[in-house]
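Visitor: Residue numbers for the sequence shown follow the working numbering, so the first one is 444 and each next one is one higher.
Since the hints were derived computationally from the structure, they do not count as laboratory data. A portion of the hints provided could be inaccurate.
Claimed, not checked - Derived lysine to aspartate or glutamate pairs resembling DMTMM-like cross-links, with alpha carbons at most 25 Å apart:
#1 665 with 531
#2 789 with 776
#3 661 with 641
#4 642 with 544
#5 770 with 648
#6 698 with 772
#7 551 with 531
#8 735 with 674
#9 545 with 644
#10 789 with 731
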Amino acid sequence: MKHKKSKTNMRFRFQFIIINSYIFSSLLVGLLTLLVIRSFQLESALELFPILFIGIPLLASGIISLIFTIIASESSLKELNYFIAAIDDVSRGDFSVELDEKSSKVLKPVYRSFNQMVAELNSVQILRNDFISSFSHEFKTPIVSIRGFAKLAKTPNISIQERNEYLDIIISEINRLVNLSNSTLLLTQLESQEIVLEKEDFNLDEQLRQSIVLLQDKWEEKNINFNLDLDNLIINGNKTLLQQLWLNVLDNAIKFSNPGSTITTSLKDYDEKNVLIKIVDQGIGMSEDTVKQIFNKFYQADPSRSSHGIGLGLSIANRIIDLCQGKIEVFSEINKGTSFLISLPKS
444 MKHKKSKTNM RFRFQFIIIN SYIFSSLLVG LLTLLVIRSF QLESALELFP ILFIGIPLLA
504 SGIISLIFTI IASESSLKEL NYFIAAIDDV SRGDFSVELD EKSSKVLKPV YRSFNQMVAE
564 LNSVQILRND FISSFSHEFK TPIVSIRGFA KLAKTPNISI QERNEYLDII ISEINRLVNL
624 SNSTLLLTQL ESQEIVLEKE DFNLDEQLRQ SIVLLQDKWE EKNINFNLDL DNLIINGNKT
684 LLQQLWLNVL DNAIKFSNPG STITTSLKDY DEKNVLIKIV DQGIGMSEDT VKQIFNKFYQ
744 ADPSRSSHGI GLGLSIANRI IDLCQGKIEV FSEINKGTSF LISLPKS
(Lines of atoms letter the chains of each structure in order from A; the text may use other names.)
(Lines give C-alpha, C1' and ligand atoms only; values in the text may rest on other atoms or scores of the structure.)
Protein backbone atom coordinates (compact mmCIF):
# COMPACT_ATOMS: atom_id res chain seq x y z
CA MET A 444 0.00 0.00 0.00
CA LYS A 445 1.08 3.60 -0.56
CA HIS A 446 2.16 5.26 2.63
CA LYS A 447 0.24 8.48 3.50
CA LYS A 448 2.21 11.58 4.48
CA SER A 449 2.05 12.63 8.12
CA LYS A 450 1.70 16.20 9.48
CA THR A 451 4.76 18.13 10.66
CA ASN A 452 5.25 17.26 14.29
CA MET A 453 6.57 19.31 17.18
CA ARG A 454 9.74 17.23 17.45
CA PHE A 455 11.10 18.45 14.12
CA ARG A 456 10.08 22.04 14.82
CA PHE A 457 12.08 21.89 18.06
CA GLN A 458 15.04 20.32 16.24
CA PHE A 459 15.02 23.13 13.67
CA ILE A 460 15.00 25.72 16.45
CA ILE A 461 18.12 24.06 17.88
CA ILE A 462 19.73 23.99 14.42
CA ASN A 463 18.95 27.65 13.81
CA SER A 464 20.37 28.57 17.23
CA TYR A 465 23.58 26.76 16.31
CA ILE A 466 23.72 28.53 12.96
CA PHE A 467 23.40 32.06 14.31
CA SER A 468 25.71 31.38 17.27
CA SER A 469 28.32 30.05 14.83
CA LEU A 470 27.99 33.14 12.66
CA LEU A 471 28.19 35.45 15.68
CA VAL A 472 31.22 33.78 17.25
CA GLY A 473 32.99 33.54 13.90
CA LEU A 474 32.47 37.23 13.08
CA LEU A 475 33.45 38.36 16.58
CA THR A 476 36.63 36.27 16.40
CA LEU A 477 37.65 37.85 13.10
CA LEU A 478 36.85 41.38 14.36
CA VAL A 479 38.91 40.86 17.52
CA ILE A 480 41.86 39.49 15.55
CA ARG A 481 41.74 42.45 13.15
CA SER A 482 42.14 44.80 16.13
CA PHE A 483 45.57 43.37 16.92
CA GLN A 484 48.76 43.02 14.93
CA LEU A 485 50.04 39.48 14.46
CA GLU A 486 53.58 39.17 15.83
CA SER A 487 54.12 35.47 15.15
CA ALA A 488 52.76 32.61 13.13
CA LEU A 489 51.33 31.05 16.30
CA GLU A 490 48.88 33.91 16.59
CA LEU A 491 47.34 32.76 13.31
CA PHE A 492 45.89 29.66 14.95
CA PRO A 493 42.78 31.36 16.39
CA ILE A 494 41.82 32.42 12.87
CA LEU A 495 42.50 29.04 11.31
CA PHE A 496 40.95 26.86 13.97
CA ILE A 497 38.26 29.01 15.58
CA GLY A 498 37.09 31.97 13.57
CA ILE A 499 37.10 30.73 9.99
CA PRO A 500 35.64 27.24 10.70
CA LEU A 501 32.83 28.70 12.80
CA LEU A 502 32.07 31.36 10.22
CA ALA A 503 32.13 28.81 7.38
CA SER A 504 29.98 26.42 9.38
CA GLY A 505 27.46 29.14 10.04
CA ILE A 506 27.29 30.21 6.40
CA ILE A 507 26.89 26.63 5.12
CA SER A 508 24.27 25.84 7.73
CA LEU A 509 22.40 29.03 6.89
CA ILE A 510 22.31 28.06 3.22
CA PHE A 511 21.07 24.60 4.18
CA THR A 512 18.34 26.09 6.33
CA ILE A 513 17.13 28.28 3.49
CA ILE A 514 16.94 25.22 1.22
CA ALA A 515 15.26 23.06 3.87
CA SER A 516 11.78 24.55 3.61
CA GLU A 517 8.55 23.46 5.21
CA SER A 518 8.04 20.91 2.43
CA SER A 519 11.37 19.31 3.29
CA LEU A 520 10.20 18.89 6.86
CA LYS A 521 7.07 17.16 5.61
CA GLU A 522 9.14 14.81 3.46
CA LEU A 523 11.35 13.93 6.41
CA ASN A 524 8.33 13.27 8.61
CA TYR A 525 6.80 11.17 5.84
CA PHE A 526 10.01 9.14 5.67
CA ILE A 527 10.29 8.77 9.47
CA ALA A 528 6.68 7.58 9.71
CA ALA A 529 7.37 4.91 7.09
CA ILE A 530 10.46 3.73 8.99
CA ASP A 531 8.38 3.50 12.17
CA ASP A 532 5.80 1.34 10.39
CA VAL A 533 8.48 -1.03 9.07
CA SER A 534 10.04 -1.27 12.54
CA ARG A 535 6.65 -2.51 13.78
CA GLY A 536 6.66 -5.29 11.17
CA ASP A 537 4.55 -3.69 8.43
CA PHE A 538 6.35 -4.63 5.21
CA SER A 539 3.54 -3.43 2.94
CA VAL A 540 4.82 0.16 3.22
CA GLU A 541 5.67 1.84 -0.08
CA LEU A 542 6.85 5.44 -0.35
CA ASP A 543 5.65 7.59 -3.25
CA GLU A 544 8.91 8.23 -5.11
CA LYS A 545 7.32 10.92 -7.30
CA SER A 546 6.40 13.03 -4.28
CA SER A 547 9.98 14.17 -3.67
CA LYS A 548 12.74 15.35 -5.96
CA VAL A 549 15.38 15.65 -3.26
CA LEU A 550 14.71 12.33 -1.48
CA LYS A 551 13.61 10.32 -4.52
CA PRO A 552 16.77 8.11 -4.55
CA VAL A 553 16.36 7.52 -0.81
CA TYR A 554 12.70 6.60 -1.26
CA ARG A 555 13.61 4.19 -4.06
CA SER A 556 16.27 2.45 -1.95
CA PHE A 557 13.89 2.30 0.99
CA ASN A 558 11.16 0.69 -1.14
CA GLN A 559 13.63 -1.89 -2.46
CA MET A 560 14.79 -2.70 1.07
CA VAL A 561 11.20 -3.13 2.32
CA ALA A 562 10.36 -5.35 -0.67
CA GLU A 563 13.33 -7.59 0.16
CA LEU A 564 12.32 -7.72 3.82
CA ASN A 565 8.80 -8.68 2.76
CA SER A 566 10.18 -11.50 0.58
CA VAL A 567 12.25 -12.79 3.50
CA GLN A 568 9.18 -12.66 5.74
CA ILE A 569 7.13 -14.62 3.19
CA LEU A 570 9.88 -17.25 2.90
CA ARG A 571 10.09 -17.45 6.69
CA ASN A 572 6.34 -17.96 7.00
CA ASP A 573 6.39 -20.59 4.24
CA PHE A 574 9.26 -22.39 5.96
CA ILE A 575 7.43 -22.46 9.30
CA SER A 576 4.24 -23.67 7.62
CA SER A 577 6.06 -26.40 5.69
CA PHE A 578 8.06 -27.48 8.72
CA SER A 579 4.91 -27.67 10.85
CA HIS A 580 3.20 -29.80 8.22
CA GLU A 581 6.18 -32.12 7.79
CA PHE A 582 6.53 -32.47 11.56
CA LYS A 583 2.83 -33.05 12.13
CA THR A 584 2.41 -35.78 9.48
CA PRO A 585 4.58 -38.47 11.14
CA ILE A 586 3.21 -37.60 14.59
CA VAL A 587 -0.35 -38.19 13.39
CA SER A 588 0.79 -41.45 11.79
CA ILE A 589 2.51 -42.59 15.00
CA ARG A 590 -0.59 -41.84 17.06
CA GLY A 591 -2.84 -43.75 14.65
CA PHE A 592 -0.72 -46.87 14.48
CA ALA A 593 -0.08 -46.80 18.24
CA LYS A 594 -3.86 -46.99 18.76
CA LEU A 595 -4.09 -49.86 16.28
CA ALA A 596 -1.26 -51.69 18.07
CA LYS A 597 -3.32 -51.54 21.28
CA THR A 598 -6.34 -53.12 19.61
CA PRO A 599 -7.34 -56.37 21.39
CA ASN A 600 -7.27 -59.69 19.58
CA ILE A 601 -4.91 -58.62 16.75
CA SER A 602 -2.22 -61.03 15.67
CA ILE A 603 1.42 -60.68 16.68
CA GLN A 604 2.30 -60.18 13.01
CA GLU A 605 -0.12 -57.26 12.67
CA ARG A 606 1.12 -55.67 15.89
CA ASN A 607 4.73 -55.97 14.71
CA GLU A 608 3.80 -54.34 11.39
CA TYR A 609 2.27 -51.40 13.23
CA LEU A 610 5.33 -51.11 15.47
CA ASP A 611 7.63 -51.16 12.41
CA ILE A 612 5.67 -48.26 10.92
CA ILE A 613 5.91 -46.35 14.20
CA ILE A 614 9.69 -46.89 14.30
CA SER A 615 9.95 -45.73 10.68
CA GLU A 616 8.01 -42.55 11.43
CA ILE A 617 10.15 -41.86 14.51
CA ASN A 618 13.26 -42.18 12.34
CA ARG A 619 11.67 -39.77 9.90
CA LEU A 620 11.14 -37.24 12.70
CA VAL A 621 14.77 -37.60 13.80
CA ASN A 622 15.91 -37.10 10.20
CA LEU A 623 13.69 -34.03 9.85
CA SER A 624 15.07 -32.48 13.04
CA ASN A 625 18.69 -33.21 12.13
CA SER A 626 18.29 -31.95 8.56
CA THR A 627 16.55 -28.76 9.66
CA LEU A 628 19.28 -28.09 12.22
CA LEU A 629 22.02 -28.71 9.65
CA LEU A 630 20.37 -26.44 7.08
CA THR A 631 19.95 -23.70 9.67
CA GLN A 632 23.62 -23.95 10.63
CA LEU A 633 24.68 -23.88 6.97
CA GLU A 634 22.56 -20.83 6.17
CA SER A 635 23.74 -18.93 9.24
CA GLN A 636 27.35 -20.01 8.51
CA GLU A 637 27.75 -21.42 12.01
CA ILE A 638 29.78 -24.34 10.62
CA VAL A 639 33.51 -23.73 10.40
CA LEU A 640 34.89 -24.96 7.08
CA GLU A 641 37.87 -26.95 8.27
CA LYS A 642 39.72 -28.34 5.26
CA GLU A 643 41.90 -31.40 4.86
CA ASP A 644 43.36 -33.50 2.07
CA PHE A 645 41.38 -36.64 1.29
CA ASN A 646 40.70 -39.10 -1.51
CA LEU A 647 37.48 -37.99 -3.20
CA ASP A 648 36.89 -41.16 -5.23
CA GLU A 649 37.15 -43.24 -2.07
CA GLN A 650 34.62 -40.98 -0.35
CA LEU A 651 32.16 -41.45 -3.22
CA ARG A 652 32.52 -45.24 -2.96
CA GLN A 653 31.92 -45.09 0.80
CA SER A 654 28.79 -42.99 0.28
CA ILE A 655 27.38 -45.56 -2.12
CA VAL A 656 28.08 -48.35 0.38
CA LEU A 657 26.31 -46.41 3.14
CA LEU A 658 23.18 -46.34 0.97
CA GLN A 659 23.43 -50.01 -0.01
CA ASP A 660 20.20 -51.07 1.71
CA LYS A 661 18.22 -48.57 -0.34
CA TRP A 662 19.60 -49.39 -3.79
CA GLU A 663 19.66 -53.14 -3.19
CA GLU A 664 15.97 -53.00 -2.22
CA LYS A 665 15.20 -51.58 -5.69
CA ASN A 666 17.74 -53.82 -7.42
CA ILE A 667 19.62 -50.78 -8.71
CA ASN A 668 23.08 -51.15 -10.24
CA PHE A 669 25.92 -48.64 -10.00
CA ASN A 670 28.27 -47.91 -12.88
CA LEU A 671 31.39 -46.22 -11.49
CA ASP A 672 33.97 -44.26 -13.46
CA LEU A 673 36.10 -42.62 -10.80
CA ASP A 674 39.54 -41.09 -11.27
CA ASN A 675 41.90 -41.33 -8.34
CA LEU A 676 41.80 -37.72 -7.10
CA ILE A 677 42.84 -36.05 -3.86
CA ILE A 678 41.29 -32.69 -3.02
CA ASN A 679 41.50 -30.27 -0.10
CA GLY A 680 38.06 -29.59 1.36
CA ASN A 681 35.63 -30.12 4.20
CA LYS A 682 35.36 -33.90 4.31
CA THR A 683 32.29 -34.06 6.57
CA LEU A 684 30.16 -31.65 4.53
CA LEU A 685 31.10 -33.24 1.22
CA GLN A 686 30.18 -36.67 2.58
CA GLN A 687 26.73 -35.26 3.39
CA LEU A 688 26.53 -33.78 -0.11
CA TRP A 689 27.10 -37.15 -1.82
CA LEU A 690 24.67 -38.94 0.50
CA ASN A 691 21.92 -36.42 -0.27
CA VAL A 692 22.38 -36.38 -4.05
CA LEU A 693 22.82 -40.16 -4.32
CA ASP A 694 19.81 -40.76 -2.06
CA ASN A 695 17.73 -38.54 -4.34
CA ALA A 696 18.91 -40.48 -7.40
CA ILE A 697 18.03 -43.81 -5.76
CA LYS A 698 14.66 -42.54 -4.59
CA PHE A 699 13.51 -41.56 -8.09
CA SER A 700 15.22 -44.34 -10.05
CA ASN A 701 13.17 -47.11 -11.58
CA PRO A 702 13.68 -50.61 -10.11
CA GLY A 703 16.38 -52.55 -11.93
CA SER A 704 17.88 -49.41 -13.50
CA THR A 705 21.46 -48.11 -13.39
CA ILE A 706 22.97 -45.05 -11.73
CA THR A 707 26.20 -43.83 -13.31
CA THR A 708 28.66 -41.98 -11.08
CA SER A 709 31.80 -40.43 -12.52
CA LEU A 710 34.65 -38.32 -11.15
CA LYS A 711 37.03 -36.53 -13.52
CA ASP A 712 39.93 -34.12 -13.33
CA TYR A 713 38.13 -31.22 -15.04
CA ASP A 714 40.93 -28.64 -15.19
CA GLU A 715 43.85 -27.32 -13.14
CA LYS A 716 41.59 -25.96 -10.40
CA ASN A 717 38.42 -28.06 -10.42
CA VAL A 718 37.07 -31.60 -10.42
CA LEU A 719 33.77 -32.66 -12.02
CA ILE A 720 31.34 -35.18 -10.55
CA LYS A 721 28.38 -36.56 -12.53
CA ILE A 722 25.53 -38.56 -11.01
CA VAL A 723 23.13 -39.79 -13.68
CA ASP A 724 20.03 -41.89 -13.03
CA GLN A 725 17.48 -43.60 -15.27
CA GLY A 726 14.50 -42.54 -13.20
CA ILE A 727 11.20 -40.77 -13.68
CA GLY A 728 12.81 -37.44 -14.59
CA MET A 729 11.50 -33.94 -13.94
CA SER A 730 9.87 -31.10 -15.84
CA GLU A 731 11.66 -27.78 -16.35
CA ASP A 732 9.48 -26.13 -13.70
CA THR A 733 10.35 -28.85 -11.20
CA VAL A 734 14.08 -28.51 -11.90
CA LYS A 735 13.85 -24.81 -11.04
CA GLN A 736 12.36 -25.61 -7.62
CA ILE A 737 14.16 -28.73 -6.43
CA PHE A 738 16.58 -26.78 -4.22
CA ASN A 739 13.73 -25.05 -2.35
CA LYS A 740 13.12 -26.15 1.23
CA PHE A 741 10.52 -28.90 1.68
CA TYR A 742 9.86 -29.08 -2.06
CA GLN A 743 8.67 -32.52 -3.16
CA ALA A 744 9.35 -33.27 -6.82
CA ASP A 745 6.77 -36.05 -6.69
CA PRO A 746 4.08 -35.44 -4.03
CA SER A 747 2.85 -39.03 -4.36
CA ARG A 748 6.21 -40.13 -2.91
CA SER A 749 6.29 -37.58 -0.11
CA SER A 750 6.54 -40.31 2.52
CA HIS A 751 9.99 -41.18 1.16
CA GLY A 752 11.55 -37.85 2.00
CA ILE A 753 11.21 -34.50 3.70
CA GLY A 754 12.28 -32.17 0.91
CA LEU A 755 15.45 -30.86 2.56
CA GLY A 756 18.15 -33.09 1.09
CA LEU A 757 18.81 -31.08 -2.07
CA SER A 758 18.48 -27.76 -0.23
CA ILE A 759 21.27 -28.91 2.08
CA ALA A 760 23.32 -30.18 -0.88
CA ASN A 761 22.99 -26.87 -2.69
CA ARG A 762 24.03 -24.90 0.38
CA ILE A 763 27.07 -27.14 0.93
CA ILE A 764 28.15 -26.57 -2.67
CA ASP A 765 27.84 -22.81 -2.18
CA LEU A 766 29.95 -22.91 0.99
CA CYS A 767 32.58 -25.02 -0.77
CA GLN A 768 32.61 -22.53 -3.67
CA GLY A 769 31.42 -25.13 -6.15
CA LYS A 770 28.68 -25.20 -8.78
CA ILE A 771 25.79 -27.55 -9.52
CA GLU A 772 23.75 -28.02 -12.69
CA VAL A 773 20.70 -30.23 -13.15
CA PHE A 774 19.46 -31.67 -16.44
CA SER A 775 16.37 -33.82 -16.57
CA GLU A 776 13.87 -35.33 -18.99
CA ILE A 777 10.59 -36.90 -17.95
CA ASN A 778 10.64 -40.73 -18.05
CA LYS A 779 14.32 -40.74 -19.04
CA GLY A 780 16.21 -39.62 -15.96
CA THR A 781 18.14 -36.84 -14.28
CA SER A 782 21.77 -35.75 -14.33
CA PHE A 783 23.53 -33.82 -11.56
CA LEU A 784 26.78 -32.12 -12.60
CA ILE A 785 28.85 -30.84 -9.69
CA SER A 786 32.15 -28.99 -9.98
CA LEU A 787 34.32 -28.44 -6.91
CA PRO A 788 37.63 -26.66 -6.40
CA LYS A 789 40.60 -28.89 -5.70
CA SER A 790 41.62 -26.68 -2.80
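Visitor: So if I understand the rule, the pair passes when the alpha-carbon distance is 25 Å or less; does residue 698 with residue 772 pass?
Guide: Roughly 19 Å separates the two Cα atoms, so the pair holds.
Visitor: Are residue 789 and residue 776 close enough, with their CA atoms no more than 25 Å apart?
Guide: At roughly 31 Å apart (the allowed maximum being 25 Å), residue 776 and residue 789 break the hint.
Visitor: Mind checking the alpha carbons of residue 789 and residue 731 for me, to see if they're no more than 25 Å apart?
Guide: Violated, at about 31 Å.
Visitor: For the pair we were handed, residue 770 and residue 648, check the Cα-Cα distance against 25 Å.
Guide: Given that 25 Å is the threshold and the Cα spacing comes to 18 Å, the pair holds.
Visitor: CA of residue 661 to CA of residue 641, is that 25 Å or under?
Guide: Not satisfied, since the Cα-Cα distance of roughly 30 Å exceeds 25 Å.
Visitor: Is it true that the CA of residue 735 sits at most 25 Å from the CA of residue 674?
Guide: 30 Å, violated
Visitor: Is residue 642 within 25 Å of residue 544, Cα to Cα?
Guide: 49 Å, violated
Visitor: Hint check: residue 665 vs residue 531, CA-CA at most 25 Å. Holds or violated?
Guide: 58 Å, violated
Visitor: So if I understand the rule, the pair passes when the alpha-carbon distance is 25 Å or less; does residue 551 with residue 531 pass?
Guide: The given pair, whose Cα atoms are some 19 Å apart, holds under the 25 Å limit.
Visitor: Check whether the Cα positions of residue 545 and residue 644 lie no farther apart than 25 Å.
Guide: 58 Å, violated
Violated hints, listed in ascending order, are 1, 2, 3, 4, 8, 9 and 10; each of the other numbered hints is respected by the structure.
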